[in-house]
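Heads up: the protein sequence lines correspond to chains A and B, in order.
In terms of this note's numbering, the first sequence has 100 at position 100, counting the first letter as 1, and numbering is strictly consecutive.
In terms of this note's numbering, the second sequence has 212 at position 212, counting the first letter as 1, and numbering is strictly consecutive.
Among the hints, erroneous ones may be present.
The calculated lysine to aspartate or glutamate pairs, modelled on EDC-like cross-linking and capped at a C-alpha distance of 16 Å, are [as the list claims (entries may be wrong)]:
1) A:Lys64 - A:Asp41
2) B:Lys51 - A:Glu6
3) B:Lys166 - A:Glu335
If you want a taste of the chain B side facing chain A, the calculated C-beta under 10 Å gives, among others [claimed, not checked]:
4) Asn9
5) Leu49
6) Lys51
7) Phe53
8) Pro74
9) Asp135
10) Ser138
11) Tyr141
12) Leu175
13) Leu179
14) Glu180
15) Ser312
16) Phe318
Cβ-to-Cβ under 7 Å is the rule here; a few derived chain B residues that face chain A [said to hold, decoys possible]:
17) Gly72
18) Leu81
19) Lys178
I should point out that these hints are in silico values taken from the structure, not numbers from a laboratory.
Being a predicted model, the structure only gives us computed values, none of them experimental.
Think of the CB as a built atom: it goes at the ideal place given N, C-alpha and C, for glycine as much as any other residue.
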Amino acid sequence: MSDYQELIKSFQKSRNYVRDFLIYGFKSRDDFSQKSGRTYDNERRRIESWLHEYIHASYTPQGKTVSLALDSNLLHTNPLYRVWKSRSFTDNDIMLHFFFLSLFHSEDTTYTAEDLTNHILDNYQVLFEAQLVRKKANEYVKEGILSSHRDGRRKLYRRTKTLQEALPTLFPLLLLAVSFCQLTMPLGFVGSTILDNQRVANYIFLVKHGYYGFTLEDEILFSLLSAIHTHHMVTVLNRSNRTSYTREEQFTIVPYKIFVSTRTGRRFLCGYLPARQRFSTLRLDQIQKVTLLEPFEDYLFFQEKLEKNIPFCFGVSFGISHHMDQIRLTLFIQEGIEDYILTRLRREGRGGTITHIEKNTYSYEISVFDGNELMPFIKTFIGRILSFETNNAFLRRKFYQDIDEMAKMYQIIKE
Amino acid sequence: MELFSELYNCYYQVVDHILKEASAHPISQKRIQAICGEIGFAESSFYILPKLFDGTWHLLSCDGTHYQSLTGEPQSLPLTLLQRSWLKSLLLEPRFCLFFTEEEQEALARYTENAKVLWRPKDFHYFDQYADGDDYTSPTYRAHFQILLTAIQKRQYVHISYHSMKGHRIAHHYLPLKLEYSAKNDQFRLLAIPEYSHILQNINLKGIQTVTLLSRFLEEDFDFAAMIRKSYYHEPVRLLIKNQRNALERAMLHFANYEKKTKKIDENTWECLIYYNSSMETELLIEVLSFGPAIQVLGPASFLNQVKYRLSRQIKLFANSSYVTPS
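Take the sequences, apply the hints, and build the full model.
This is the structure in structure tokens:
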């Protein structure tokens with residue numbers, strides 16, 4: 001185990017393991033056949049260490065299985081942010097960090113790299129090369145913790161204002177807002193680091209329907225957002241993990257939006273594929289790498305086209321053919337007693353048209369690129385569906401087959 | 001700007017806490033170890049303690065038994081450019097702005113003016129979010145939100161009058177405990193207990209008509225997690241998941257927000273136990289139905305009976321409906 005470390009250099013390698021643990025937490029050592037047993041053991045040990053408060057282990061005939069037990073009703077932060085807090089560093093990194101914090105006690109204090117080196121030796125009896133101190137100071141300038149300016153030939157460093165110094169009256173309220181936003185906003189991990197810095201934790205806000213795995217894709221999201229803002233094309237390396245096989249493909253895509261499911265937490269890149277001349281979506285959790293390419297000349301033209309297309313996506317699919325799927329659902333809803341069903345239809349129907357047909361009977365109609373995406377939604381109305389009609393014969397057959405299969409499964413009708 | 005940076009490392013946090021305490025008074029090895037356990041990962045003390053004690057990280061001095069900080073109390077780190085950029089992006093989000101007046105938002109905008117926006121609301125399309133989310137710009141809603149925020153911090157009782165989901169008007173004294181946000185509903189709920197009761201209630205902020213602070217405060221400690229756990233049914237929902245149409249992965253993602261346990265039964269079948277309470281029951285039932293025959297409910301009987309009831313009602317509707325023209 002001499003090669004085992006709790007901290008890591010690269011996030012990418014551990015990302016897929018954590019995701020698998022989160023989703024297929026019940027996989028045993030043998031299920032991870034792609035890498036050696038030793039790699040599996042190290043990754044498992046690391047994940048168990050990072051997330052030890054949330055780990056649930058059980059023993060089955062297949063071996064020890066480890067899973068993450070996360071109850072979103074009780075979590076004040078995303079436990080998977082801990083994975084982001086595992087970057088390795090050197091002994092010099094951590095010492096210089098705390099020496100800098102101590103030496104730059106006031107925002108008015110300025111030092112050259114040589115001054116810093118001397119003060120560190122005088123105050124803490126540690127000898128560093130001035131070049132190393134300068135490199136670290138320049139890194140902190142880049143990160144925004146220090147600023148630098150020239151005084152003749154001397155380069156002086158100074159600490160930037162802390163949050164408390166910059167916004168003294170707003171500070172407590174801001175921390176409350178950050179407590180909420182670290183749980184709910186994009187790249188929330190960053191917010192959790194602000195709370196870490198101030199040594200405070202959220203105790204007020206919770207999320208219902210909290211899907212925590214999404215943070216594992218934040219580095220991918222970060223690169224894609226940057227490309228969206230600058231109208232650049234990107235190449236993405238995509239790895240789809242179906243149960244039976246894994247496939248790697250590379251796509252050149254013009255990124256436009258991130259589609260998000262609030263019911264699964266799954267996020268998708270929506271973009272234009274110049275080679276196929278169509279819009280498409282790719283799951284963020286399947287994107288392994290993003291490479292920035294040149295700006296896309298027709299960015300705004302296709303952006304406008306996309307905005308016109310979005311109302312016809314029920315989910316994330318732009319369909320595979322040019323024809324639209326027309327769906328019509330007729331429902332039995334007792335007026336005055338079951339109006340909450342109508343509320344659900346309006347709330348969840350994504351722009352579909354609701355018509356009162358006769359007493360206690362309503363229809364819901366919608367035209368979409370891919371009717372298959374409506375099927376889970378339609379099945380939530382089981383118990384009150386009078387009919388399901390569509391111009392897509394496959395969907396129609398599938399719907400009635402599913403109901404039939406369920407009725408047999410629960411022995412409502414005989415096999 | 002890097003997301004994965006040592007600046008946000010958990011070990012830095014551990015050492016920060018140790019130095020803070022060791023600057024106020026000398027602390028023992030045992031106490032240092034305890035801080036490592038509280039803030040660090042499970043095995044962090046194996047890596048951090050030797051480096052601190054043998055002086056590889058020359059940050060503590062030792063008088064033989066106790067340790068003192070060499071650097072004094074570490075002050076809080078200024079925000080990095082990444083953190084300021086994150087705050088700047090939040091200023092475009094109405095839910096963040098709920099917390100602040102316009103003047104306060106302007107002060108924040110000035111503080112973040114040199115940072116670049118990481119995302120804009122229009123970069124995201126929440127395709128399955130409910131259409132009737134809360135109105136975060138309503139002055140009344142904002143006022144209610146801020147009163148409740150104050151009450152939760154001070155553990156102060158409030159008088160709330162609101163319209164329930166069934167349309168009843170209710171007025172009562174409550175102790176507000178938490179504010180819960182749902183991205184799916186795009187709304188806030190207040191989790192509160194009525195005075196003289198220990199039963200947790202959810203109140204949609206949208207339905208609140210009036211809320212006023214009372215001059216009473218909760219004095220004793222309160223175990224919120226125990227209350228939630230106590231609300232769960234003793235028997236979890238037992239599901240059999242058949243791995244068809246990628247149902248396994250879909251189900252694991254879909255039910256990721258519940259506390260659950262899953263085990264493999266055979267090559268193509270998994271059993272999943274989901275823990276729930278009465279407030280989650282209907283939603284869970286609907287979610288299970290949305291998977292069609294890929295998921296079979298095995299128990300408990302009360303949950304299974306609801307599935308069977310809906311299905312038999314469906315079969316009867318098909319049998320009697322003039323609308324149905326099955327294939």
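Enumerated hints in conflict with the structure, sorted upward: 5, 7, 9, 10, 11, 12
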